[in-house]
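Peer 1: Protein chains in written order, with the working numbering: chain A, 1 to 361; chain E, 1 to 358.
Accuracy of the hints is not assured; some may be wrong.
One-sided excerpt, in silico: chain E residues whose CB lies under 7 Å from chain A [claimed, not checked]:
#1 GLN66
#2 GLU67
#3 PRO70
#4 GLY72
#5 VAL78
#6 THR80
#7 LEU84
#8 ILE160
The calculated BS3-like cross-link candidates involving lysine-lysine, where the alpha carbons are at most 30 Å apart (straight line), are [unchecked claim]:
#9 E:LYS151 x E:LYS196
#10 E:LYS28 x A:LYS39
#11 E:LYS54 x A:LYS39
#12 E:LYS38 x E:LYS52
#13 E:LYS38 x E:LYS196
#14 A:LYS39 x E:LYS52
#15 E:LYS28 x E:LYS38
#16 E:LYS38 x A:LYS39
#17 E:LYS28 x E:LYS54
Keep in mind the hints are simulated off the structure, nothing from the lab. Ideal Cβ placement from N, Cα and C applies to all residues, glycine included.
Listed below, chain by chain, are the residues.
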Amino acid sequence: MIRLERRPSPSRMWTALTPVMAVLATMIAGGIMFAALGKDPVEAIRTIFWDPLFNEQFAAYSRPQLLVKAGPLILIAIGLSLGFRAGVWNIGAEGQYIIGAICGAAVGLALYPLDSPIVFPLMVLAGALGGWAWAMIPAILKTRFNTNEILVSLLLVYVAEQLLASMALGLLRNPEGGGFPGSRNLQQYDAAANLELFAGTGVHWGVVTAFIAVIFAYVLLSRHLLGFQIRVAGSAPRAARFAGVNPAALVVICLGISGALAGLAGMFEVAGPAGQITIDFNSNYGFTAIIVAFLGRLNPIGILLAGILMALTYIGGELAQFMLGVPAAAIQAFQGMLLFFLLAVDVLSNFRLRLGKPEAA
Amino acid sequence: MRSLTTWLSGVAMATVLAIPAYAADPLKVGFIYVGSIKDGGWSQHHHESAMKMKEHFGDSVELIEQESVPEGADAERVLTQMSLSGADLIFTTSFGFMDPTLNVAKKFPNVKFEHATGYKTAENVSNYSARFYEGRAIEGLIAGNMTSSNKIGYIASFPIPEVIRGINASYIHAAKVNPEVEMRVVWISTWFDPAKEADAATALIEQGADVILQHTDSTAPLAVAEKAGNVIGFGQAADMIEYAPSPRVTSIIDNWAPYYIARVQDVIDGTWEAESTWDGIGAGMVQMGEITDAVPEQVAMEARAMIDSIASGTYHPFTGPLNKQDGSVWLAEGEVADDATLGGMNFYVEGLTGDIPN
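The following block holds chain A by itself, in its conformation from the complex (with noise of 0.2 Å):
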């Protein structure tokens, strides 16, 4: 008979070798759909993981890619964690990155044409802020009346692509663009523009601020005060309280580095890769960078790895998709596998198993 028999502390070991394993079966369990779906299991995997980093015809364009795929969902899952650690539960980070790519279009729209170096850091400042306030109200809402900043978060995410869909139709629209919606596209601003800093490595401003805040967030948690209150009111809040922790300081500072996080991941991504307001500007960066941030163990490195493994299933899986016709929907059930995979093989760092009959207790 097999137990579980629970480990006095997280295995290190398992903790780091439980994401392996969840590859290593998503894989498996992948190949296994792909085949159903009448597609060469081993093509499908290497199409997916190695030709996006190996592949001679794309490599030096994907691999780079990578980081511009990855960048915003790191710098939205570090925020993220934080809050996760301490028990606060931001679920609407896509609302706040909405709202950053707003504010930041909108300063450098209205700055429009100016040919100022203060432009660009202007909209950074801009797409902070609006990702914090956006966040504020949550962090407000809770700490004022008690409501849930798990439901109040996501229900502003609806808001926030409605403010968007508006933006995009109304006030930012390009007075160029024939009556259709659009703002200008920002990538033909130079003051603006969040462009490739080296050529030919997909680093933008976004992605090295994706880098600081991983260093950042490593600081933070493994030697500043407010890392260990963070982590002494996630793993026990009732400690906390004894140790001096504010729960209420620490709801509004939590919401608020993730809002600005996300905040500025808008701002970046709307200046650089996608370069204009749209009314489809958000790609579920906010949603994803959650699976980001759970696949990495809340942990900063394990984030960075995460956001780029993630990153490679996205651009692996539309070389799959159109060179080998895998829908779209199959990538994404493989995406999901990764994490239920993860989330399954955890048990192991948790607990043992046992072979055998239950000691007495």
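Mind docking chain E on chain A? Use the hints.
Peer 2: Relative to chain A, chain E alone:
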């Protein structure tokens, strides 16, 4: 010795086999879709037309497709990867792909691009769209004749020129046959969301509408109309024939296949050039579904006559005298709207109530 001859003949064989493979190097044609190819509407129809194109050319065309591509940075990456994989011609089938298409086209001057429903072109970028407002005029004619409450409901997506044109075209022709008619427009900010579309249809019917027009892609409004009884509607993008003979009395069908076949043929012949195409009922890009028996014979005849006159070019749905909503003159007697005005249409015609949201 014997093994050597076997080996040599094997090589010879392989060479012979390899030659036709090179000779028949197929044209690689890519398509990207904003939605799922099973969305029952916009993307599905582009996909089906692409399949018809592939069927037409058989092995001389290799079709590569990607569905559910988000507009913006993701589209740009997908298009770049398709171009790198050796695509010769790529169709980008949604308005939001416009800037990404132009960006990628700049980097790949040898790849040809076709962008749907936009307004920009380049050396190697064409654009194409359909005059769906012609179909809306027919729907308006039927709606104006068939309503007994004189209230027509209209489910609209986003206030862009394409949608506003449709509202104006149907209202003009409904009011022409029935001056008492009122049109109520509900904006739901989505192209495809069955739940929202059903809510909008229910609200319109509760307000007394007995004809529902939709500029969204799901069959939900027809399902609501069927349940309400005595309410008619129209198929959108697809024929939606499963709701015939009523509530679905006719439909506007997107038919891109003739255009796709013609453009691929141009590339094969080496005669492809960047241009703007805006075709309607005449060229077959807009098709009207069968008008069912639920429509009185007299009305159906009028509708068919109008289809014929639009197809032959003798009638344009935007022919003066027409005023704008504020009462100012837009088109004088007999004057026909020019494509530039239609392309950027951002005003209602006289008689429509309410404001265009922004």
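Peer 1: A separate judgement is required for each hint: does it hold in the structure or not?
Peer 2: Hint by hint, here is what the structure shows:
The interface hint given for E:GLN66 is met, as the beta carbon of that residue sits about 5 Å from the closest beta carbon of chain A, less than 7 Å. Satisfaction of the interface hint for E:GLU67 is found here, the shortest Cβ-Cβ separation to chain A being roughly 5 Å, below the 7 Å cut-off. Taken as an interface hint, E:PRO70 checks out: its beta carbon lies about 4 Å from the nearest beta carbon of chain A, inside 7 Å. With a cut of 7 Å, the hint placing E:GLY72 at the interface with chain A holds, because the nearest CB-to-CB distance is about 4 Å.
Below 7 Å, beta-carbon pairs count as interface contacts, and E:VAL78 has one with chain A at about 5 Å; its hint therefore holds. The beta carbon of E:THR80 comes within 6 Å of a beta carbon in chain A, closer than 7 Å, and the hint placing it at the interface holds. A distance limit of 7 Å between C-beta atoms decides the matter here; for E:LEU84 the minimum to chain A is near 6 Å, and the interface restraint holds. Annotation: interface hint on E:ILE160 holds; nearest CB of chain A at approximately 5 Å, less than 7 Å.
Proposed proximity of E:LYS151 and E:LYS196 is supported: the alpha carbons are some 21 Å apart, at most 30 Å. With a C-alpha separation of about 20 Å, the suggested pair E:LYS28 and A:LYS39 falls inside the 30 Å cut-off, and the hint holds. Between E:LYS54 and A:LYS39 the CA atoms are separated by roughly 20 Å; this keeps the pair inside 30 Å, and the hint holds. The hinted pair formed by E:LYS38 and E:LYS52 meets the criterion: a straight-line CA distance of about 16 Å does not exceed 30 Å.
In summary, the hint linking E:LYS38 to E:LYS196 is supported, as the alpha carbons are separated by about 19 Å, within the 30 Å threshold. Proximity of A:LYS39 to E:LYS52 is assessed by CA-CA distance (about 23 Å); at most 30 Å being required, the pair is judged to hold. A C-alpha spacing of about 23 Å is found between E:LYS28 and E:LYS38, which places the hinted pair at or below 30 Å, so the restraint holds. Restraint check for E:LYS38 and A:LYS39: satisfied, since their Cα atoms lie roughly 20 Å apart, inside the 30 Å limit.
For the given pair, E:LYS28 sits about 11 Å from E:LYS54 by alpha-carbon distance, which is consistent with the 30 Å threshold.
Checked against the numbered hints given earlier, this structure breaks none of them.
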